[in-house]
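With the sequences and hints as input, model every part of the structure.
Next come the chains, spelled out residue by residue.
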Amino acid sequence: NAGVTQTPKFQVLKTGQSMTLQCAQDMNHNSMYWYRQDPGMGLRLIYYSASEGTTDKGEVPNGYNVSRLNKREFSLRLESAAPSQTSVYFCASSPAGSWGFFGPGTRLTVL
Amino acid sequence: GENVEQHPSTLSVQEGDSAVIKCTYSDSASNYFPWYKQELGKRPQLIIDIRSNVGEKKDQRIAVTLNKTAKHFSLHITETQPEDSAVYFCAALNDYKLSFGAGTTVTVRA
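Protein chains in written order, with the working numbering: chain E, 1 to 111; chain L, 112 to 221.
The hints are simulated quantities; they were obtained by calculation from the structure and are not laboratory data. Hints are not guaranteed to be accurate.
[What the hints assert, rightly or not] Computed list of lysine-lysine pairs in DSS-like fashion (alpha-carbon distance at most 30 angstroms, straight line): (1) L:Lys133 <-> E:Lys57; (2) L:Lys208 <-> E:Lys57; (3) E:Lys57 <-> L:Lys148.
On a predicted model such as this, the values are computed, not experimentally measured, just so you know.
Dropping the structure here:
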């Protein structure tokens, strides 16, 4: 039981490049989330998927897209990376009515 | 949307003393309030949570209280130890969306 896994762990991009962050969970949770964490700003919700087949915007969706590929996988895509997207990205999953499980994070630097 | 405010942003306590972190939320529809601990370079981990129909919950040295009328909730850590040094986040859940406070850096002095 791996919990929530994310790939890659680290990534450096140049401005304008694109990339996809991958997330998978093996806990059979319906809901999955993408957060970004910047110093002094806590965790801010980018997108979430309440259940397979649905996605919704969070607080800071601009510049990102998501795909809920199936119940296990939820990917985050940066189409044209900008320096303002330099951050640590966390994927998380939760059972209904509760919360709790984060992946190990992806540290992204955009030059 | 939900707005969660957390205070203080930093907290330094002597080993063995208590630490208290306070949070307020804006949306009365929020019904679940977890607390997370994050050590440097690691993922946030759930340490305790409370639902809106409960006023207080305790787990060994940590406890959480909730005042729904005032829309605030607090984390209490008693008999602090060096391993309690970390960043703590409060959060509020409303309709699948979990909103976080900005975090409190707790330092326990030996």
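Structure-based check of all given hints:
A distance of roughly 28 angstroms separates the Cα atoms of Lys133 (chain L) and Lys57 (chain E); the hinted pair therefore holds under the 30 angstroms criterion. Distance hint between Lys208 (chain L) and Lys57 (chain E) is fulfilled; the C-alpha atoms sit about 10 angstroms from each other, no more than 30 angstroms. Taking the CA atoms of Lys57 (chain E) and Lys148 (chain L), the gap is about 26 angstroms. The hint holds against a cut of 30 angstroms.
In terms of the numbered hints stated before, the structure departs from none.
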